[in-house]
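For reference, the chains in residue letters:
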Amino acid sequence: MEAFRAFDIIYVITNGGPAFGTVTISFLTYLETFSYGHVGRGAALSFLISLFTMVTAFLYIRFLYRPEEAM
Amino acid sequence: MRTLQRKILPVLLVLLALILIYMPVAWLLISSVSTRAELLSTPIHWIPQAPTLKNYIDILSPSQGVSEVARTFRITLGNSLIVASSVDTRGTDAGIGRGLCSRPAAHAAPPGAAGRHPGHAHDPRDLVVIPMYLFATRFGLFNTR
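Keeping their order, the protein sequence lines are chains A and B. Quick note on my numbering: the first sequence kicks off at 1 and runs consecutively. Quick note on my numbering: the second sequence kicks off at 1 and runs consecutively.
One chain only, chain B, in its complex shape (with noise of 0.2 Å):
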């Protein structure tokens, strides 16, 4: 019996643990594949009675002209490129960078020292968050709403 609990205990935790964190990844799913007045219907219900792929047709097919969502995804799309791609463009930079800075000489300390690792290095996002923050605030630029 005691064995037996020791079996089943973890499998049953595993599957509370799943359980709970794959449901909102369903329910995203199922309301992805919804219409609008399923989604807004009571009781709520998991399986939809009519799924459609209509959303994602709005969202990937410009011919529709169904709104204007399709032609702001490509938009908005390359908007997320671009950041992700400058981001991980100065990641590179500042790594280069840092790793020329910390890499040991001949009579270097052995690893693990203090120096090996410059701690007072400043993260690359410091450099441009910290002077647009300064910049948006003296000439209120903030979103304050």
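Isolated chain A (complex conformation) (with noise of 0.2 Å):
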């Protein structure tokens, strides 16, 4: 799920170039808010990370939590 937001790695190496092929959706949502000025549509897609990653944090703990190894 951290890596699903990958950011910084990309703005220092690539800048998501070459011909946005390396711009993951945290770069985007930089892009569209800060370079574009959409500001609007910048937290749309934040607010669609979070889903996505609140999403998937349920699905690893109602697929993959046990509760013995809580114990």
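Any given hint might turn out to be false.
[To be verified] Okay, the calculated bits of chain A under chain B, using three or more residues with CB under 8 Å as the criterion:
#1 5 to 19
#2 31 to 39
#3 46 to 56
[What the hints assert, rightly or not] Per label pair, the in silico range of CB-to-CB distance:
#4 I61(A) / L39(B): 33 to 39 Å
#5 Y133(B) / P18(A): 42 to 48 Å
#6 V25(B) / D8(A): 19 to 25 Å
#7 D8(A) / S85(B): 15 to 21 Å
#8 L39(B) / T53(A): 38 to 44 Å
#9 D8(A) / R36(B): 26 to 32 Å
Keep in mind the hints are simulated off the structure, nothing from the lab. Every residue, glycine too, gets a C-beta built ideally from N, C-alpha and C.
Hints in hand, dock the two standalone chains.
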């Protein structure tokens, strides 16, 4: 889930290039908000990322968590 | 009076903490359903006067043709999933390797003793990031803008 939101390495090394080939969803959010000035669209993207992360976390907990491991 | 304070004060503190935590999330949600003009208007208002789902439609519906963001969104979602899956797979491999390395033998020291968990083992991220960093600095590939 942390890797799904990868941003820093892409920003530093490729800056999303070549031809948007290495743009991740977090980097797209950054571009939309701060480079293109579409604040609302950036907020929508951020909310979609949050939603996706929450759903993934729920699935992880639902299917991978075993109560006996907590003992 | 003192009992009342003991009961009310924690509740107030928790409410304050909840407000501080969820206010940015609420603003995120509100700004995602607001128009650009409304977001840039002053004074700032919390409740949008004309809420719209245009931002979500622009992102999720490629047939709109409004911008390239819908097409880019799918590509970037794929890229993110590739990154996440590859990191997950690499982490699983490293985890299996570490598990095998740190598996105690029959005559092993008791749990908690030195050597049970090899502290000198390299983090798999170091094995990838450090060579990439050296390579990129040598050939001037860093984005230094």
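Query raised in the report: Can you list which hints this structure breaks, lowest number first?
Result: As far as the earlier hints go, 5, 8 are violated by this structure, in ascending order.
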